[in-house]
Amino acid sequence: MLVEILFFVFATLLVAGALGVIAARNPVYSVLFLVFSFINSAAIWLLVEAEFLALVLVLVYVGAVMVLFLFVVMMLDINVAELKQGFTRFAWLGWITALAVIGEITAVIWGHGLGGIDVSRGFVSEPANYSNTMAIGQVLYTKYLYPFELASVVLVVAIVAAIALTLRRRPGLKVQDVSRQVAVRAEERLRVVKVSAEKRS
Amino acid sequence: MHTPITHLLALWGTLPAIIRTVVWILIISIAVILCVAFLTLWERKVIGWMQLRRGPNRVRIFGLLPGLGQPFADVFKLLTKEVIVPSSANKFLFRLAPALALVPALAAWAVIPLSPALVVSKANAGLLYLLALSSMGVYGIILAGWSANSKYAFLGAMRSAAQMVAYEIAMGFALVGVLMAAGSMSLGQIVQHQQGGVLAWNWFWLFPLFVVYFIAGVAETNRAPFDVAEGESEIVAGFHVEYSGIAFALFFLAEYANMILISALTAVFFFGGWLSPFAGYPVVGASFLGDPSFFWLGLKVFVFLFLFLWFRATFPRYRYDQIMRLGWKTLIPVTLVWICVEMLMSAVHIGPWAKPWFH
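As you go down the protein sequences, you meet chains V and F in turn. If you number the first sequence the way the working numbering does, the last residue is 201 and the count never jumps. If you number the second sequence the way the working numbering does, the last residue is 359 and the count never jumps.
Just so you know, not all the hints are guaranteed correct.
In the DSS-like style, the derived pairs of lysine-lysine whose C-alpha atoms are separated by at most 27 Å in a straight line are [said to hold, decoys possible]:
{"no.": "1", "chain 1": "F", "residue 1": "LYS122", "chain 2": "F", "residue 2": "LYS355"}
{"no.": "2", "chain 1": "F", "residue 1": "LYS77", "chain 2": "V", "residue 2": "LYS174"}
{"no.": "3", "chain 1": "F", "residue 1": "LYS151", "chain 2": "F", "residue 2": "LYS91"}
{"no.": "4", "chain 1": "V", "residue 1": "LYS174", "chain 2": "F", "residue 2": "LYS329"}
{"no.": "5", "chain 1": "F", "residue 1": "LYS91", "chain 2": "F", "residue 2": "LYS81"}
{"no.": "6", "chain 1": "F", "residue 1": "LYS91", "chain 2": "F", "residue 2": "LYS45"}
Don't read these hints as lab results, they were simulated from the structure.
The task is simple: from the sequences and hints, build the whole structure.
Structure, rendered in structure tokens:
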């Protein structure tokens, strides 16, 4: 009973947060609403005892990705009026994307079911010593090893590409060469001289 | 025996679990806040002694040691001051930010095993919970800097955000090493799996990871020598430059609570938490010093807190690009290399991997 009440509370907050993302006038508020939605979906995952997914969602999306989003949005000088201008003009594109995503999800579930999960028997909680982190690890490194490694290769390619895009040297720029600065030794810069004291006249 | 104390204990046993948990949460939060109060005094005293000064020595409490009342004097001063909200600030976020900074610092204590029997939550994924919470602390700082609508505050927030994101990776990788050595994400288990004397504690086999973790911890708490987010010589006070009164005190509280937290976590992950270094010794081991207890965790936390203060008193502040360089180009590669070394160690079953639960 308590779980159902909590579920509806978090689900309501999640939907409200998601609406806030697209309705907020200030882009910083949009990002914060998205963070709020993530935290609520993590809470919903916790309710079904998927603590690994919930905590990783908070760790990766709230803790790292959204911080960088916030970082960028705060730095940019976004003209909100200009952004809102094309809303009606591009609305059809948004609708098509939304319908395509919904269609894909439906097709996958229709075709494959929920992977052998029997929804009709309701939620059955696992014994107290059950660790779903270990369970995920076990299938990830055995059954799904190939797609998992493939995903990591894709990510590495993306990282290398992102770094390569930002790696440029403009000529005539005055920058410090940090490795040379770190390598400096005191003996190269400093000469200790011994000056004998003069006699007081 | 029907003393009032046995009555109370019997009553305590009959309370529902949720009420007992709430009471423990309150006790631990208040204890942390009191520790913060005396940590500020201890910091000023220690730095004073290191700089050949006396430190605070005026305010007494109950006529006891001079200076002991200083934290309370500070708190009452800050409580009675006006909280000024800048007219061009984003009012809502400006008020929300101090709370966002403090909540993760206190919530993290839920999974920390204080003694063999005492922990609020024996969560299976305690380590992940800690990582998730510590990554949320940065929001308080960013929002404080942005909502104040001040250039210095904003600069401080940006510096802090980049720094925290960078050092969190090193911190997470160091914890991956701990995870490999313990074979569990529950903090109680991590402590128990370090049993077997001082050299069986994780610091011995994971020494580089311990160093990386503690440095990253100092950087995460924005303490000297990584305190560019505050940098009083450059940007006055950084992200909390516009805060006054108790709102400022909350940031202060969050910073010191995080220091205590990082010290406690270092003790738990690398120094056997509540385990005694004398367990199994002939004479000392038989006394209370040989038993695992809160005493040992407290002592270890105290030592690491002293390191924080020592760093602050002796190290000059890092330059910003050097901080980034240290985080990305030194600490992260060190952790990656040591995780590979751990893989070899686990393959040949030495160190923590010689223990029975890995067979």
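Problem - Agreement of F/LYS77 and V/LYS174 with the hint, judged by alpha carbon distance not exceeding 27 Å - result: Violated, at roughly 48 Å.
Problem - Distance restraint between F/LYS122 and F/LYS355, which requires alpha-carbon spacing of 27 Å or less - result: Holds, at roughly 23 Å.
Practice task
With a cut-off of 27 Å on the C-alpha distance, tell me whether F/LYS91 and F/LYS45 pass.
Solution key: The hint is violated at about 37 Å.
Problem - Hinted pair V/LYS174 and F/LYS329, Cα distance within 27 Å - result: Holds. V/LYS174 to F/LYS329 sits at ~22 Å (cutoff 27 Å).
Practice task
Verify the proposed pairing of F/LYS91 with F/LYS81, using a straight-line Cα cut of 27 Å.
Solution key: Status holds; Cα separation ~18 Å.
Handout entry: Pair hint F/LYS151 and F/LYS91, alpha-carbon separation not exceeding 27 Å
Key = 17 Å, holds
Against the hints set out earlier in the document, violations occur for numbers 2 and 6.
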